[in-house]
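Please work from the sequences and hints to get the whole structure.
Start counting the sequence shown at 1; every next residue gets the next number (full-length UniProt numbering).
By construction, these hints were calculated from the structure, which means they are not laboratory data. Every clue listed holds true.
Simulated restraints, written as ranges between beta carbons of each label pair:
1) Lys179 <-> Glu69: 13 to 23 Å
2) Ser156 <-> Glu257: 21 to 31 Å
3) Lys179 <-> Ser270: 12 to 22 Å
4) Ser156 <-> Glu10: 51 to 61 Å
5) Gln253 <-> Asn113: 37 to 47 Å
6) Ser123 <-> Gln260: 31 to 41 Å
7) Pro71 <-> Glu263: 47 to 57 Å
For each residue, glycine too, the CB sits at the ideal point set by N, CA and C.
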Amino acid sequence: MESKDQITQEKLDQRISLEKSLLVESIKKQYQRCCCIHDNTFTREIKVRLPCLESGERLVDFSLKMNFEAPNYMKFTKKIKFLKFFNVSVVLLNIGKERNKDILNFIDFSLPNKTNELYISLSLEMQLSRTTYLDSFVKISSKVTKRVTLDLFCLSLYQLKKLVTAYRHVETLDIWHCKLSIPTVPDFSTSLKNCKIQTISLWKTGAKFHSNWENHPDEFKNLIQGFATSSDLKKSLRQVDIWNCQLKQSEAQETFEANQLEEIKIIGGS
Numbered sequence: 001m002e003s004k005d006q007i008t009q010e011k012l013d014q015r016i017s018l019e020k021s022l023l024v025e026s027i028k029k030q031y032q033r034c035c036c037i038h039d040n041t042f043t044r045e046i047k048v049r050l051p052c053l054e055s056g057e058r059l060v061d062f063s064l065k066m067n068f069e070a071p072n073y074m075k076f077t078k079k080i081k082f083l084k085f086f087n088v089s090v091v092l093l094n095i096g097k098e099r100n101k102d103i104l105n106f107i108d109f110s111l112p113n114k115t116n117e118l119y120i121s122l123s124l125e126m127q128l129s130r131t132t133y134l135d136s137f138v139k140i141s142s143k144v145t146k147r148v149t150l151d152l153f154c155l156s157l158y159q160l161k162k163l164v165t166a167y168r169h170v171e172t173l174d175i176w177h178c179k180l181s182i183p184t185v186p187d188f189s190t191s192l193k194n195c196k197i198q199t200i201s202l203w204k205t206g207a208k209f210h211s212n213w214e215n216h217p218d219e220f221k222n223l224i225q226g227f228a229t230s231s232d233l234k235k236s237l238r239q240v241d242i243w244n245c246q247l248k249q250s251e252a253q254e255t256f257e258a259n260q261l262e263e264i265k266i267i268g269g270s
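In structure tokens, the structure reads:
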């Protein structure tokens, strides 16, 4: 025969379970209504309860897309306040506003505790600073386990070093369509300890309208020489993608060999 305490606990558990379900359904409806989840790219159902309300670090096979340039996404961001999202496999952030309190709150407080991949796209004209999003992007780096994509960033040497250092634990580092300023060789000799990066993709970062490496080849050489200052990165790195970077593969190969990176596979190049 069940004790009174057991019956009371069962009722409490049932109530908590019901509240969890109702909250999840509410979030699903809000996200579907505000963020167009019916879009072909993001049609997967949300299958489990919010991990912020349950134990475990399970990831939902789901892409959380937040396009902060669209009014409906901003409306959704305002509604959820500081509610933390469940752990999802992919998070995509499209940011076109230089500084916005609601966007900063979402990044700092509502992102999942864990995600396999993080994709961040900025307006190319946006200048990162400690008062915009730079510190927030560094702060959330520990939430990302496998891959980070930085798209359309405009980065100084200091900012590039800070972000690469923060995400040194991921397997793939994408630096796409970025405007980089690398006038000198960055020193990663101590900042990339225990680096796990296996692939670095520089897709279109060297193109004419971005870093323009065809006319500024020394900046590409400075970047590679900087990577080579880290003994741990040299051990972990397997390949570098230079597609559409206005670089000849033979010249890129010479740069890699000059920095004892001859075993690294180079993808792309003319």
